[in-house]
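Peer 1: Now for the letters of each chain:
Protein chains: 2
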Amino acid sequence: MKLRRSGRLVDMTNYMLNHPHSLVPLTYFSERYQSAKSSISEDLTIIKQTFEQQGVGSLQTVPGAAGGVKFVPGMHIEEAGAIIDSIKKRMAAPDRLLPGGYLYLTDILGDPSIVNKVGRMFASVFAERKIDVVMTVATKGIPLAYAVANDLNVPVIIVRKDSKVTEGSTVSINYVSGSSKRIQTMVLAKRSLKEGSNVLIIDDFMKAGGTINGMVSLLEEFQAKVAGIGVLVETKGVEERLVDEYISLVKLTGVDVKGKQIELQEGNFFDAAKRP
Amino acid sequence: MKLRRSGRLVDMTNYMLNHPHSLVPLTYFSERYQSAKSSISEDLTIIKQTFEQQGVGSLQTVPGAAGGVKFVPGMHIEEAGAIIDSIKKRMAAPDRLLPGGYLYLTDILGDPSIVNKVGRMFASVFAERKIDVVMTVATKGIPLAYAVANDLNVPVIIVRKDSKVTEGSTVSINYVSGSSKRIQTMVLAKRSLKEGSNVLIIDDFMKAGGTINGMVSLLEEFQAKVAGIGVLVETKGVEERLVDEYISLVKLTGVDVKGKQIELQEGNFFDAAKRP
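Chains as they are written, first to last, in the working numbering: chain A, 25 to 300; chain B, 25 to 300.
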């Protein structure tokens with residue numbers, strides 16, 4: 025359909041937002057709107073400036089015949105800070121404390137707007153890495169994994185604790201949970217992951233890192249590589265961390281069940297985000 | 025920040041897309057851009073026309089002091105048809121057949137772009153109902169539930185087959201699986217659902233409907249109401265369906281394990297979508 029500039033700007037903005045990390049040839053837009061490439065270029069400059077000013081992300085232009093424009097979702101560092109602050113605040117509510125010192129986070133992980141923001145933060149900090157797939161373990165990490173994968177334009181694979189008939193043949197490993205020291209099993213559908221894939225691991229919570237370490241071992245079975253590790257909450261005071269390089273948004277530094285106190289700090293997200 | 029019309033259109037489009045089913049007062053935008061309300065109104069008219077023309081959804085204007093503008097995600101019926109066709113095509117691939125006549129759908133449910141489209145379809149068909157929360161059962165329905173909830177701007181709650189310490193106190197029921205006739209348990213965190221809530225149930229697959237029927241019974245324990253039921257795939261040839269009113273995108277009409285044939289038809293989505 026033929027559209028004027030104002031209509032094109034609205035439609036192109038919607039299109040780019042819905043196709044992150046995809047190279048869109050300029051001819052696609054010039055045919056879509058029956059407009060000259062020079063007009064499309066001008067439109068894209070306006071979108072690029074607005075996106076960068078507002079911290080939505082960047083538009084990267086790839087020149088040449090095989091070129092085009094790519095939207096890379098991002099976030100201003102100030103906005104990321106405000107989001108981490110608000111998550112910390114919500115998580116610190118004393119009524120979250122469960123028997124045994126566990127934290128009730130189900131409502132936070134059930135809020136799509138928080139999940140999307142957390143996903144955007146991980147997608148922006150891992151934007152420059154080569155990532156073919158996002159991996160998580162059932163159940164609580166699933167929404168975060170999809171939010172990240174959505175912004176990176178890659179599929180999600182889900183590791184389970186038991187195999188299901190609808191998964192077909194599976195690969196399973198035994199691993200030792202870092203905190204409880206119990207032997208557990210995790211399972212991944214054989215056909216869900218190609219050999220040599222670059223995998224971003226996302227999860228909601230990391231104590232000693234046993235579960236994530238299990239996922240890393242599982243990846244070895246598939247001859248796949250760890251492209252990065254991101255967790256929403258890490259806990260402090262772990263004797264021996266099984267995982268070295270990871271990015272966390274929030275760090276749980278203290279839980280006082282009797283005094284009903286939950287202490288939280290920023291995770292190491294900003295160390296990574298500030299790196300040039 | 026002060027923005028010209030072109031920049032405002034880009035930023036407002038992004039803002040509205042990220043705040044579906046939220047009433048945004050016009051003063052929010054006029055303060056955000058330091059622009060007159062009359063200019064904002066003109067901008068919104070352009071966005072509304074483009075969204076409606078392109079099948080992105082509608083912008084609804086609520087007049088008066090407490091008024092504003094609301095983005096209701098939608099989809100053209102032709103696009104919905106094309107999506108259902110492409111899902112049917114992908115699902116019909118013979119290598120999806122697993123022993124026992126089960127279908128491997130993990131890759132389809134692992135593709136965020138498909139999941140988002142399916143979510144948008146359910147969100148548009150249920151757009152006019154009063155919905156406070158989207159409910160699903162772990163694990164496969166989770167991404168679909170979040171996609172729908174995202175477009176409806178409501179939280180997600182997840183029913184589990186076993187209770188976990190991080191959920192706090194729970195309500196559990198026993199139910200009979202419609203196809204296997206086995207007694208099973210499902211569990212929901214007590215504090216995850218308020219009394220009187222209107223709940224949209226979303227799942228990936230429905231045979232006789234035992235699981236969904238179980239969720240309906242669980243809702244009764246919470247004095248909550250079923251606002252609607254949506255499933256990606258329903259199967260035909262079920263003796264007695266336990267659930268009456270639901271919307272399906274695809275119907276599995278035949279599986280021939282020996283001949284490696286999978287037969288699929290459209291679900292009842294269009295009957296509902298075409299209703300005025």
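The hints are simulated quantities; they were obtained by calculation from the structure and are not laboratory data.
Treat the hints with caution; some may be incorrect.
Which copy? The list can't say, so a pair holds if one copy fits it or any two copies do.
Unchecked claim - Below, computed lysine-lysine pairings styled on DSSO-like, alpha-carbon distance capped at 30 Å: (1) 260 with 61; (2) 61 with 231; (3) 26 with 72; (4) 113 with 72; (5) 214 with 284.
Peer 1: State whether the alpha carbon distance between residue 61 and residue 231 is at most 30 Å within one copy, between copies, both, or neither.
Peer 2: neither (53 Å within a copy, 51 Å between copies)
Peer 1: Between residue 113 and residue 72, at a C-alpha cutoff of 30 Å, which is it: within one copy, between copies, both, or neither?
Peer 2: neither (33 Å within a copy, 37 Å between copies)
Peer 1: Are the CA atoms of residue 26 and residue 72 at most 30 Å apart within a copy, between copies, both, or neither?
Peer 2: both (22 Å within a copy, 16 Å between copies)
Peer 1: How do residue 260 and residue 61 come out at 30 Å by Cα distance, when the copy is not named: within, between, both, or neither?
Peer 2: neither (54 Å within a copy, 50 Å between copies)
Peer 1: Within, between, both or neither: how does the pair residue 214, residue 284 come out at a Cα-Cα threshold of 30 Å?
Peer 2: between (45 Å within a copy, 20 Å between copies)
In the structure shown, a violation is registered for the earlier hints numbered 1, 2, 4, in ascending order.
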